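Enquirer: Using the sequences provided together with the hints, build the complete structure.
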Amino acid sequence: MQSTIQRGQLFWASCLALLVTSLSFGIRAGILNKLGSDFNLNASELGVIAATAFWGFPLAVVIGGLVVDAIGMKRLLVLAFFFHLAGILLTIFASGYWTLFISTLLIGIANGTVEAACNPLVTALYPENKTTKLNHFHLWFPGGIVIGTLITYFFEKAGISWQIMVGTMLLPTVIYGYLFSQLKFPVTERVAAGVSTGEMYRSLGNPLFIFMIICMFGTAITELFTGQWIDVLLRNVTDNAILILAVSTGVMVVGRGLAEPVVHRLSPQGVLLISAVLAAAGIYLLGHTTGNMVFVGALVFGMGVCYFWPTMLGFVSENLPKTGAVGLNLMGGAGMFAVSVYMMFMGGYYDKLLGNKLPAGAVLADYNAAPAGSEMAGALAEAKKAAGPEILNATLVIPIVLAVAFAGLVIYMRGRKKPQQMTVAGA
0 MQSTIQRGQL
10 FWASCLALLV
20 TSLSFGIRAG
30 ILNKLGSDFN
40 LNASELGVIA
50 ATAFWGFPLA
60 VVIGGLVVDA
70 IGMKRLLVLA
80 FFFHLAGILL
90 TIFASGYWTL
100 FISTLLIGIA
110 NGTVEAACNP
120 LVTALYPENK
130 TTKLNHFHLW
140 FPGGIVIGTL
150 ITYFFEKAGI
160 SWQIMVGTML
170 LPTVIYGYLF
180 SQLKFPVTER
190 VAAGVSTGEM
200 YRSLGNPLFI
210 FMIICMFGTA
220 ITELFTGQWI
230 DVLLRNVTDN
240 AILILAVSTG
250 VMVVGRGLAE
260 PVVHRLSPQG
270 VLLISAVLAA
280 AGIYLLGHTT
290 GNMVFVGALV
300 FGMGVCYFWP
310 TMLGFVSENL
320 PKTGAVGLNL
330 MGGAGMFAVS
340 VYMMFMGGYY
350 DKLLGNKLPA
360 GAVLADYNAA
370 PAGSEMAGAL
380 AEAKKAAGPE
390 ILNATLVIPI
400 VLAVAFAGLV
410 IYMRGRKKPQ
420 QMTVAGA
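Start counting the sequence shown at 0; every next residue gets the next number (numbering that gives the first Met the number 0).
Hints in this document: simulated from the structure, not taken from any laboratory. Hints may contain errors.
What the hints assert, rightly or not - Pairs of lysine-lysine residues, derived as BS3-like cross-links and limited to a Cα-Cα distance of at most 30 Å, are as follows: (1) Lys321 x Lys356; (2) Lys383 x Lys156; (3) Lys321 x Lys351; (4) Lys384 x Lys183; (5) Lys384 x Lys356; (6) Lys33 x Lys156; (7) Lys156 x Lys384.
As the list claims (entries may be wrong) - Between beta-carbon pairs, the in silico distance windows are: (8) Asn291 x Ala393: 18 to 26 Å; (9) Gln181 x Leu88: 17 to 25 Å; (10) Val173 x Gly354: 42 to 50 Å; (11) Ser94 x Gly193: 48 to 56 Å; (12) Asn41 x Ile159: 23 to 31 Å; (13) Trp97 x Ile410: 16 to 24 Å; (14) His287 x Ile70: 47 to 55 Å; (15) Pro358 x Glu389: 13 to 21 Å.
Source: prediction; values computed, not measured. Don't be surprised by glycine CBs; every beta carbon is placed ideally from N, CA and C.
Expert: Structure, rendered in structure tokens:
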């Protein structure tokens, strides 16, 4: 096992790498409109640029999971550093659509590579406390989004350029790159335990693993789609839609930081069941209330989704350890892929709902281009006010199904002997 100092340094370097990942989401979301005006990009082009990060992530996390045992976590994370550095610098010095497209793709690949290496690294560093430490590690994702949002808000108020906002990511990038290049890494649990590559791949066919992959589709969509779309869906329901996101994200940071007593008292599957119930209740409140009750909904929703992602990974690592790094990274890749597909589908459904709520024969593009204060703009606002909660109602089905699935998982795990955890040796 790593020395206590080495273990702590590796863990905090991992947290910094994930911070860069989340800052890239928060800052890019905050400067997207500015990029559009500076480079004369239309909404479609901006949409493609933003979506590139979501496609680069699952690609990198799956490929990284397949090669991490062969090339080692250290080489993978040094590679992530170079991708992050190149993507950030190319964004700062971007000259148009294609440089922004390539820079976003590089950052998306870097983000997926960080996830591919750091999830198995955390489980290798803390084999006795996997789910808790994965929650502590993943608190830096919502935490970084909050920090990134605040950076863009206050820097914009101060008249500071978007290039400098993006440049703030260079400091944590350089620090984590330096630390990872200097520190000694353990091998992954699977390699340390002598589990063969063939046995690892056979373990991926375990029905319990397939069940968890399917559930990961739902947990990821519930958390990430709803979080990304809260501002869009509720902007015409409340004047403080962005604050709703801040509330739910802030709750996630606190919840993941306090994961240890929760996970130990309830077990990972118990946490997942309660999370699904709370997430469903939160989405229902967001879609069916107004005024201050919307913030109550955001609070409940944040409590529900805060444990989803890391606890799903922790459950697989604890109960299906032979799936190794590939198992963890297939879970992460499946989750992000599901979100990207669901976003595209629901985006089309949202436009269809808006069209149905506008006068017969109305062209949505004309209403989007209508000047503020006009009759057409007012009609579009009312359509959005009605359509947003309908999208939430459609998404509500997912955590309800998850609650039933996780209730079954709790019952199943009561009669299943927990596998013995694998021991990690030093590299």
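Enquirer: Does each hint hold? Answer for all of them.
Expert: So, going through the hints one by one against the coordinates:
Between Lys321 and Lys356, the direct Cα distance comes to roughly 52 Å. Violation of the 30 Å bound is thereby established for this hinted pair. Proposed proximity of Lys383 and Lys156 is supported: the alpha carbons are some 28 Å apart, at most 30 Å. For the proposed pair Lys321 and Lys351, the alpha carbon gap of about 45 Å is over 30 Å, so the pair is violated. Distance hint between Lys384 and Lys183 is unfulfilled; the C-alpha atoms sit about 54 Å from each other, more than 30 Å.
This hinted pair checks out: Lys384 and Lys356 have alpha carbons roughly 10 Å apart, not beyond 30 Å. Taking the CA atoms of Lys33 and Lys156, the gap is about 13 Å. The hint holds against a cut of 30 Å. Using a Cα cut-off of 30 Å, the hinted pair Lys156 and Lys384 holds, with the two alpha carbons roughly 28 Å apart. Checked against the hint of 18 to 26 Å, the C-beta distance between Asn291 and Ala393 comes to roughly 25 Å, which is consistent with it.
Checked against the given bound of 17 to 25 Å, the beta carbons of Gln181 and Leu88, roughly 22 Å apart, stay inside it. The given range of 42 to 50 Å is respected by Val173 and Gly354, whose C-beta atoms sit roughly 48 Å from each other. Look at Ser94 against Gly193: about 52 Å separates their beta carbons, and that is inside 48 to 56 Å. Taken as a hint, the range 23 to 31 Å holds for the pair Asn41 and Ile159, whose Cβ atoms sit roughly 26 Å apart.
Between Trp97 and Ile410 the beta carbons are some 53 Å apart, a value that contradicts the proposed interval 16 to 24 Å. The supplied range of 47 to 55 Å is met by His287 and Ile70, whose beta-carbon atoms lie about 50 Å from each other. Taking the beta carbon of each, Pro358 and Glu389 are about 18 Å apart, inside 13 to 21 Å as hinted.
Violation of the numbered hints given earlier is confined to hints 1, 3, 4, 13; the remaining hints are satisfied by the structure.
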